[in-house]
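2 protein chains.
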Amino acid sequence: MTLDKNDKLPYSDADPCWLRYTKNESLEGIPRLAKITVHGSSEQIRSALAELVYGMTEMTGSVPETAEDPNGLEANVVRLVQFDEALPERLRELAPFHDLHEEGYVIRSVPENGGESILVAGKSGKGVLYGTFHLLRLMQTGDLRSGLQILENPRNGLRMMNHWDNMDGSIERGYAGQSIFFKDNEFVRDQARIRDYARLVASVGINGVAINNVNVHKTETQLITSRFLPDVAEVAGIFRRYGIALFLSVNYASPIELGGLDTADPLDSRVRAWWKEKAAEIYGHIPDFGGFVVKADSEHRPGPFTYNRTHADGSNMLAEALAPYGGIVVWRCFVYNCLQDWRDRTTDRARAAYDHFKPLDGQFKQNVVLQIKNGPMDFQVREPVSPLFGAMPETNQMAEFQITQEYTGQQKHLCYLVPQWKEVLDFDTFARGKGTEVKKIVAGETYPYAHSGMAAVINVGDDPNWTGHTLAQANLYGFGRLAWNPDLSEEAITAEWIRLTFGKDEKVYQVLRSMLAESWRVYESYTSPLGIGWMVNPGHHYGPNVDGYEYSVWGTYHYADCRGMGVNRTVKDGTGYTAQYYPENMERYESPETCPDELLLFFHHVPYTHTLHSGKTVIQHIYDSHFEGVEGVEAFIERWQGLEGRIDAKRHAQVMERLRIQLAHAREWRDVVNTYFFRKSGIEDRHGRPIY
Amino acid sequence: MTLDKNDKLPYSDADPCWLRYTKNESLEGIPRLAKITVHGSSEQIRSALAELVYGMTEMTGSVPETAEDPNGLEANVVRLVQFDEALPERLRELAPFHDLHEEGYVIRSVPENGGESILVAGKSGKGVLYGTFHLLRLMQTGDLRSGLQILENPRNGLRMMNHWDNMDGSIERGYAGQSIFFKDNEFVRDQARIRDYARLVASVGINGVAINNVNVHKTETQLITSRFLPDVAEVAGIFRRYGIALFLSVNYASPIELGGLDTADPLDSRVRAWWKEKAAEIYGHIPDFGGFVVKADSEHRPGPFTYNRTHADGSNMLAEALAPYGGIVVWRCFVYNCLQDWRDRTTDRARAAYDHFKPLDGQFKQNVVLQIKNGPMDFQVREPVSPLFGAMPETNQMAEFQITQEYTGQQKHLCYLVPQWKEVLDFDTFARGKGTEVKKIVAGETYPYAHSGMAAVINVGDDPNWTGHTLAQANLYGFGRLAWNPDLSEEAITAEWIRLTFGKDEKVYQVLRSMLAESWRVYESYTSPLGIGWMVNPGHHYGPNVDGYEYSVWGTYHYADCRGMGVNRTVKDGTGYTAQYYPENMERYESPETCPDELLLFFHHVPYTHTLHSGKTVIQHIYDSHFEGVEGVEAFIERWQGLEGRIDAKRHAQVMERLRIQLAHAREWRDVVNTYFFRKSGIEDRHGRPIY
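As they're listed, the protein sequences go chains A and B.
Mapping to numbering that gives the first Met the number 0: the first sequence position 689 is 688, numbers consecutive.
Mapping to numbering that gives the first Met the number 0: the second sequence position 204 is 203, numbers consecutive.
One or more hints might be untrue.
[Claimed, not checked] Heads up, incomplete: computed chain A residues facing chain B, CB under 8 Å, no partners named:
#1 546
#2 563
#3 678
#4 681
#5 683
#6 685
Hints in this document: simulated from the structure, not taken from any laboratory.
Quantities reported herein were computed from a predicted structural model and do not represent experimental measurements.
Every residue gets a Cβ at the ideal spot worked out from N, C-alpha and C, and that includes glycine.
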């Protein structure tokens with residue numbers, strides 16, 4: 000295999016994020032790093048080779064030789080091996096292919112001729128690619144040593160990114176510039192950023208990307224037509240080289256808008272025929288097309304409800320069309336009444352996904368997977384885990400997270416979300432008794448799902464650093480790593496990311512580790528308290544605005560009055576939402592005595608004088624946490640200041656600028672929230688701090 | 000004088016508003032309405048003739064003859080006479096020209112040869128035009144009778160409309176479509192609407208129109224350059240025929256943005272020279288150009304503060320440039336700190352205009368006039384009268400009102416503003432003792448101002464009915480009539496408008512009269528209570544949103560807590576704002592005992608249990624007024640329903656549609672405001688009505 004100029008990396012001058020391949024003197028002169036041999040010819044192994052050549056060149060200062068070695072006789076090499084029946088016996092024996100899933104890999108030190116080779120082997124080119132990125136990580140973090148014996152299989156089959164990119168170039172809930180895919184209602188012509196993007200996400204194991212917004216507007220509806228399919232196929236081609244299947248979000252009303260039919264009824268034979276033909280057309284352009292992502296009957300999007308059909312009817316029709324080609328339908332469960340009357344306290348948006356979908360268990364085709372947001376509301380800084388996880392034994396499920404920080408500071412605030420995601424993944428649903436954590440359900444380990452996994456709304460745009468806030472790169476990295484292996488600890492992921500991104504300086508590590516570890520709870524502490532959520536401005540969702548959604552149609556209320564606040568979601572005398580959980584969780588949430596403090600106001604309406612498990616009253620907790628939150632940001636700034644000179648000036652300054660914005664806005668949050676509740680409750684802060 | 004096809008009315012197919020000239024059988028066969036003679040040759044008298052021919056033709060069903068009559072010998076005619084030294088002695092004696100101001104007129108019945116002529120005479124063509132519109136009103140309302148002896152002079156010299164139109168076609172705070180002047184950053188090519196607009200506003204005596212937004216953006220800055228001046232001159236030509244002087248809003252930073260200077264310092268000789276040259280250029284295109292309207296140092300607009308100069312320095316520099324041509328500078332006093340900290344209760348936006356301008360009294364040139372908003376804040380449904388009126392004996396002042404319903408229902412709600420304006424005009428400032436009403440000050444009767452009068456932000460756009468809500472036409476009509484004569488009663492203006500617009504049906508009159516008369520107080524009753532204002536959504540200013548501006552930079556707060564609400568603006572222990580009034584008013588406002596109920600929360604922070612003069616507590620007043628307000632709208636709908644068949648179906652349906660919107664939104668206002676204060680105060684409604 001010979002690389003050419005198209006394999007020259009990187010493709011763009013954007014920030015390399017964690018693929019920096021900084022010069023690493025400890026790697027110089029290691030004989031086995033001087034030569035690479037390749038067994039296999041897939042596009043993915045070619046990408047692996049290109050990455051390895053580039054990375055090793057950057058790190059060691061010399062270009063490794065790529066040798067032809069059909070019989071596996073070279074010694075002291077890095078050997079990239081994709082399984083093939085024709086592989087020499089010796090190589091087949093070296094790699095335990097029988098233990099590998101389709102996307103898994105092994106990395107092994109193999110003593111040979113008095114030296115040592117490194118074997119990176121996978122059943123598929125994707126496996127080799129993932130193994131290569133793993134090897135490069137080891138080199139960068141200084142963990143490359145003799146005697147490597149690594150075998151990895153991904154825990155989740157689907158490891159997806161959802162882009163909310165529009166073809167005009169805007170990104171819904173994007174805080175890092177414009178789309179890398181679209182501009183002015185066309186695909187971008189310069190694909191360098193798309194190529195580097197594919198490298199970035201493949202390096203953390205992402206294997207599916209939906210490139211357009213789930214709210215599919217007029218132009219985007221045409222992505223599945225001849226007008227745009229050649230462009231889509233080009234991007235799919237880039238993705239393919241990195242093992243990524245391309246998905247499209249589709250408009251449920253396409254048969255009407257594109258097909259000229261008068262209906263999109265999923266049981267109408269013309270509609271079914273239209274989608275089948277459409278699938279054939281798409282697969283004609285993209286043989287390995289991933290499938291559709293669908294937001295239907297949600298927030299004014301069309302869907303099967305128009306025709307008195309169920310979500311099962313709707314999704315099965317699409318699934319039927321995609322099935323012959325191996326495509327899947329990712330059907331979002333974010334369905335609720337978005338024209339609620341704020342006066343009505345019986346309707347509870349939190350109940351909606353479960354109420355809509357649970358009764359349909361068993362009615363979905365095998366190539367439909369339900370994509371369920373981590374919580375029952377909408378990506379708040381704190382909410383309980385969706386009770387739908389584990390509630391549908393016979394229906395494929397996957398989890399949806401949000402990397403883009405819509406409600407968590409919009410990449411102006413530092414908010415490392417891995418701790419939040421870990422809490423969700425480790426949440427025990429008790430679906431099949433103790434130990435039925437969400438991570439097992441969405442990995443298809445609890446029930447034998449045909450398709451399952453994790454998806455996330457991504458936070459990248461065309462900003463030079465991809466994510467707006469440089470440190471928000473950690474969220475992108477962390478999501479990919481957790482999707483690969485949800486058992487990875489927060490600490491391990493954080494350590495990897497810091498060392499790859501900022502090098503090995505111990506002080507840098509300590510400061511960043513502490514900032515990242517604290518940031519989510521710091522953000523929570525100065526924003527909306529105790530699980531109640533929202534308190535942001537309508538539309539753009541940046542805060543603070545305590546009553547921003549209080550008298551609205553969105554079903555997102557805090558019900559604060561002069562005595563207390565919170566939403567009563569109990570079975571006893573509330574909306575009955577707690578009954579959607581398995582008994583162990585239901586009982587814990589049902590009583591304010593056992594409900595965790597951080598979720599108290601999500602489940603209960605309590606007086607401001609209610610005493611938390613912490614020993615503080617609710618109102619004093621609000622005051623204290625809001626002062627502490629601001630102090631937390633002040634501490635971030637002080638610690639970050641201490642890194643001046645230890646980090647390149649550009650990134651140091653960029654982060655510092657964001658931290659200063661965060662501090663100003665944290666103070667605003669603190670004062671608005673404290674003042675709001677002081678004015679409403681009339682209860683003084685015990686410590687007499689300034690409240691207005 | 001012979002009319003040609005360019006004098007054919009109307010110019011457009013837009014709603015004729017009050018210039019309907021409905022067929023009126025009582026006018027048929029009156030001999031003196033069969034012939035018109037003209038003495039004078041001005042453009043304005045030509046417009047008067049065209050209007051009279053059109054109106055009389057429509058009303059009588061036959062085209063009147065236009066006769067040449069140089070010696071004034073025709074009898075039994077309508078005689079339009081513009082004063083001229085060469086007029087025949089007989090005509091000069093008939094009209095008391097010595098009692099007329101430049102814009103005044105007489106309408107007289109003159110017995111002649113056994114018949115009767117009608118004389119419409121003015122010192123100027125404008126006078127004749129205004130007299131002609133008056134005569135046409137008499138014909139339409141059925142008040143044309145023998146023995147007419149009318150003499151009218153306008154009370155206010157300046158009777159202006161301010162358009163907030165942008166050249167992209169949008170209208171800031173416009174609720175009736177797009178601009179009639181601009182589209183896509185050019186002037187509109189079809190001028191029919193502009194011509195009919197000129198007729199409409201001239202018919203109620205408007206003599207000055209600023210065509211562009213006081214927030215002068217990039218394109219509009221170029222209105223005073225050769226790029227647009229020929230277009231401006233064309234519009235000025237249309238206006239001229241109706242006696243209207245065209246004004247432009249200008250960008251204070253023009254010498255920098257257009258002139259390439261590095262400063263706009265009003266004391267810099269290059270800046271002064273630039274403006275002088277610019278004035279010469281403008282007057283080269285438009286010899287009777289009215290002058291500039293300027294919003295400087297306000298809401299991020301540039302101004303003299305940048306150079307440590309005063310508003311007197313800034314306006315005088317422009318005045319100096321315009322003076323040789325008779326132009327004036329209309330300098331807005333809407334200057335305040337729009338980046339206030341909501342935590343700071345000492346800064347008071349209400350004080351700003353007085354604090355900024357009062358110390359400068361006597362420093363302004365004679366062709367500068369300060370334009371002062373009716374209240375100290377910003378066109379709220381209720382606020383006190385600006386204390387700046389009457390506070391500057393040596394500085395020209397005029398009043399600014401808002402016809403467009405920014406804070407009063409945005410032409411979705413019926414809100415007839417004549418009653419509000421009457422209260423302002425009749426407000427006694429006590430500036431020179433009892434009887435120094437605002438109307439006398441702005442008419443230049445209290446102090447001998449060289450320029451003064453009334454301006455208003457207009458409510459028209461390119462909607463077919465001009466004003467969005469058909470009944471909002473009454474506000475446009477009413478403002479013009481009040482600017483002509485502020486002593487006209489609300490009842491008289493309303494009666495005129497109804498009869499001109501909807502004819503003589505007594506039931507129509509009674510219903511409309513009552514709806515218009517009640518509408519402002521009804522709107523007030525279901526929106527923000529007791530003079531506190533705001534409670535709207537930021538940006539678009541449509542409500543309800545009680546805390547919409549509470550934690551903002553705009554200086555517009557209600558300070559509601561669990562005990563009470565309101566802004567303490569007293570001298571005793573508040574912001575000291577009351578001291579800006581003359582003692583009689585200051586004392587009345589200073590004490591909650593004497594402060595009028597409807598302004599209580601503007602001046603005082605009181606407990607919800609404070610008892611009003613009405614005998615109700617503040618909180619019970621809030622509840623009661625909000626329920627009553629909605630009932631008021633329900634009553635409007637019922638009454639309007641009763642007019643079905645008595646009004647053309649199109650207008651009936653249009654108004655009904657708006658009333659239904661108003662009802663839905665009034666209910667939202669009621670429930671949000673009541674719920675907000677119930678939750679905050681914890682005090683139950685005495686009548687146990689639904690509050691949430």
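Hints versus structure:
With 8 Å as the threshold, the beta carbon of residue 546(A) comes within range of chain B, its nearest partner Cβ sitting at about 5 Å, so the hint holds. The interface hint given for residue 563(A) is violated, since its Cβ lies 10 Å from the closest Cβ of chain B, which is over the 8 Å cut-off. For residue 678(A), the interface hint holds, the least distance from its beta-carbon to any beta-carbon of chain B being 4 Å, beneath 8 Å. At about 4 Å, the closest approach between the beta carbon of residue 681(A) and any beta carbon in chain B falls short of 8 Å, and the interface hint on this residue holds.
Taking 8 Å as the C-beta cut-off, the interface hint given for residue 683(A) is violated, the closest approach to chain B being about 12 Å. The interface hint given for residue 685(A) is violated, since its Cβ lies 18 Å from the closest Cβ of chain B, which is over the 8 Å cut-off.
Taken one by one, the earlier hints fail for this structure at numbers 2, 5 and 6, listed in ascending order.
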